[in-house]
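Each chain is listed here by its residues.
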Amino acid sequence: MWQVVLFNVTNGLIIGAFYVLMALGLSLILNLSNVINFAHGNFLALGGYLAFTLSPALGYWGALLVSPLLTALLGVAVERLMIRRIYNRDPVYSLLLTFGLAFVLQDVARYIWGPNGLPMGLPDALAQPITESLFFITWYRIFMVTVVIVTVVGLFAFLRYSRIGLRIRAGTLDLETVATLGVNVRNLRTFNFAVGCLLAGLSGVLAAGQIGLNPNMGDDLLMPSFIAIIVGGVGSLIGTLCGGLLIGLAAALTTVFYPSASEAVIYAILMAVLLLRPRGLLGEEGMMS
Amino acid sequence: MSTTAVAVEKPQLRINRRLVTLVAIWMVLLAAPFWLPLVGGYTALAGRVLVFGLAAMGLNLLLGFTGVLSFGHAAYFGLGAYGAGLTLRYLVHSTPLAMIAGTLLGGLAGTLFGMLIVRRRGVYFAMCTIAFGQLWYYLAYSWNDFTGGFDGLRDFHREPIGFAPFTLDIMGNATSFYYFLLAIFAAAVTLMGLILRSPFGRTMLAIRENERRALFLGIPVARHIWMSFSISCFFTALAGTLYALLNNFADPLALHYSLSGYFVIMCVMGGMRTFWGPLLGAAVFVVLQDYISSMTVNWMSFIGTIFILVVLFFPRGLLGVLRRVSA
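So the protein lines, in turn, are chains A and B. With the numbering used here, letter number 2 in the first sequence gets 291, and the count goes up by one each step, no holes. With the numbering used here, letter number 279 in the second sequence gets 266, and the count goes up by one each step, no holes.
Please note: incorrect hints may appear among the correct ones.
Which chain B residues stay away from chain A? Per the calculated CB distances, all over 12 Å, these [claimed, not checked]:
#1 Arg107
#2 Phe143
#3 Arg210
#4 Thr292
#5 Val297
#6 Ser313
A few chain B residues facing chain A, derived, Cβ under 10 Å [what the hints assert, rightly or not]:
#7 Phe58
#8 Leu103
#9 Arg106
#10 Cys115
#11 Met259
#12 Met282
#13 Trp286
#14 Ile293
#15 Leu296
No lab work stands behind these hints, which were simulated from the structure alone. Just so you know, even glycine gets a beta-carbon here, dropped at the ideal spot from N, CA and C.
Model the full structure from these sequences, guided by the hints.
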């Protein structure tokens, strides 16, 4: 029994880690630019596919570093060409735009890499289980969680201590004032969008090693990420972090006892939060309203 | 027509023009089974336009006339479809009862959920509606025995209406089913028009134009948004029941957020500040989708590109532009 529970707890942590990376990127973009990026899951898939294509040339480690950066570059292009044009318009337009973009990107991935799933090769060192009794914990899983932790800590340190991070946080609260103080808000938003896409690309590479690649691999992660943001509280990145871990763990633990309800429990948490604490666990009242 | 004439006789001309538009719209709709085959269409396509048009017009009460963004209306559409389908399959073989059950199911779900999120605004509101909408998708998807799961709900069909000898055969005859749809559509749309002309409808417009001022005028803004959300869900759910009757089938994709996106783009493409815009948007969208998906497997990129182009270059929509040109 304890092994089953442990198995699912590790699973939950890993799934939660994906939710966290994905939701943090979404949350960054949402907080500063007021845009829900429907295409985030497709940036994730592209990150994974780019790693798949690059790893024969660069090796796994090279691809792990390069493909998130390429995803971020793509994000810069998308933001400059399209998303920046609709910042000052009704939110309906940004939703429709990223929604359409998601369709296009998914079709592009399907066109280039084919509709069927592809396996992502891993270095041998990572593919081994750590011990025989804990066969389900491969080094890859440990590696993955470590990368996520390092990334999240790095992101928070960046936002806390760097000048750009300070501007992003200030812009979340009051973009107009930040602009008045002489910060180039246009570039700030582009950079912020790129960071969001970088996180998506990174989770794509990591997810590819765990679940393989397919053109709509991001779709299954998108909705839980939305829920992680709402549960954690819109406007709070720490909240998003907690929300992601919470629903990942909750879904995994439900799998132990009642597997078919593992999706439903995520929505039950959403409902409970909306009912009992509408601003989210760590959200502030008045954000986004 | 010259602009000076418009300026001189504006009120008279406006009423006339509105009348002409109305007559034209209903003529086109009434005659659809006759002219559609001539241009290569088929009656079921017109039925789909009516169904999606009704759903989009229902959404537009909220989106265009109250200024509140829901990106999860497929949930209520799909609940209507499943409500009708499940009723026909498990409970009674009656088309009107199935429609009532489906409309109530979708409408009440929307009403209850609206209560939870009515104080949220903008993208936050939208995000809540998306997430909640997906709940029903997963439910229909995973509750295999009851809903048919991913394959959808089958083994039901619409029943003839009325009692013998006065029955209306809407089962086999596509044309008579189309007129049945059109009658329901007409009733629903008339009701929408009445709602929009009522003091309540005017209050919705006031909230859209300036929420804070509406609040200062003593309007209970949250309650009005909630009512508007609820009413719009009922209309969309009604459209959903018609969808189930049209296809004799309900599938989880009728609940998926992609469909919510389609509804929103129908409103925007047709012109979300206009009454008939969503119907026009639905017509354009349904025809385009039908045409493109028969031409290429990569229809997703075409639909996605349409979304992007409409947002970037055509945000007012067809009727919005038309109205601007004529004004």
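Quick rundown of the hints versus the structure:
Its closest Cβ contact with chain A, about 6 Å, brings B:Arg107 to no more than 12 Å, contrary to its assignment away from the interface. The non-interface label for B:Phe143 is consistent with chain A: the shortest C-beta to C-beta separation is roughly 24 Å, beyond 12 Å. Non-interface status of B:Arg210 relative to chain A is upheld: no Cβ of that chain comes within 12 Å, the nearest being about 16 Å off. Its closest Cβ contact with chain A, about 6 Å, brings B:Thr292 to no more than 12 Å, contrary to its assignment away from the interface.
The Cβ of B:Val297 sits about 7 Å from the closest Cβ of chain A, inside the 12 Å cut-off, so the non-interface label is violated. Residue placement check: B:Ser313 keeps its beta carbon more than 12 Å from all beta carbons of chain A (closest about 23 Å). Annotation: interface hint on B:Phe58 holds; nearest CB of chain A at approximately 6 Å, less than 10 Å. A distance limit of 10 Å between C-beta atoms decides the matter here; for B:Leu103 the minimum to chain A is near 5 Å, and the interface restraint holds.
This hint holds: B:Arg106 has a C-beta 7 Å from the nearest C-beta of chain A, less than the 10 Å allowed. Interface hint status for B:Cys115: upheld, as the beta-carbon distance to the closest one in chain A is roughly 6 Å, under 10 Å. A least Cβ separation of about 8 Å between B:Met259 and chain A falls short of the 10 Å threshold, and the interface hint therefore holds. At a threshold of 10 Å, the smallest CB-CB gap from B:Met282 to chain A is about 14 Å, leaving the interface hint violated.
About 8 Å separates the beta-carbon of B:Trp286 from the nearest beta-carbon of chain A, less than 10 Å, and the hint is met. For B:Ile293, the shortest C-beta to C-beta distance to chain A is roughly 7 Å, which falls under 10 Å, so the interface hint holds. This hint holds: B:Leu296 has a C-beta 8 Å from the nearest C-beta of chain A, less than the 10 Å allowed.
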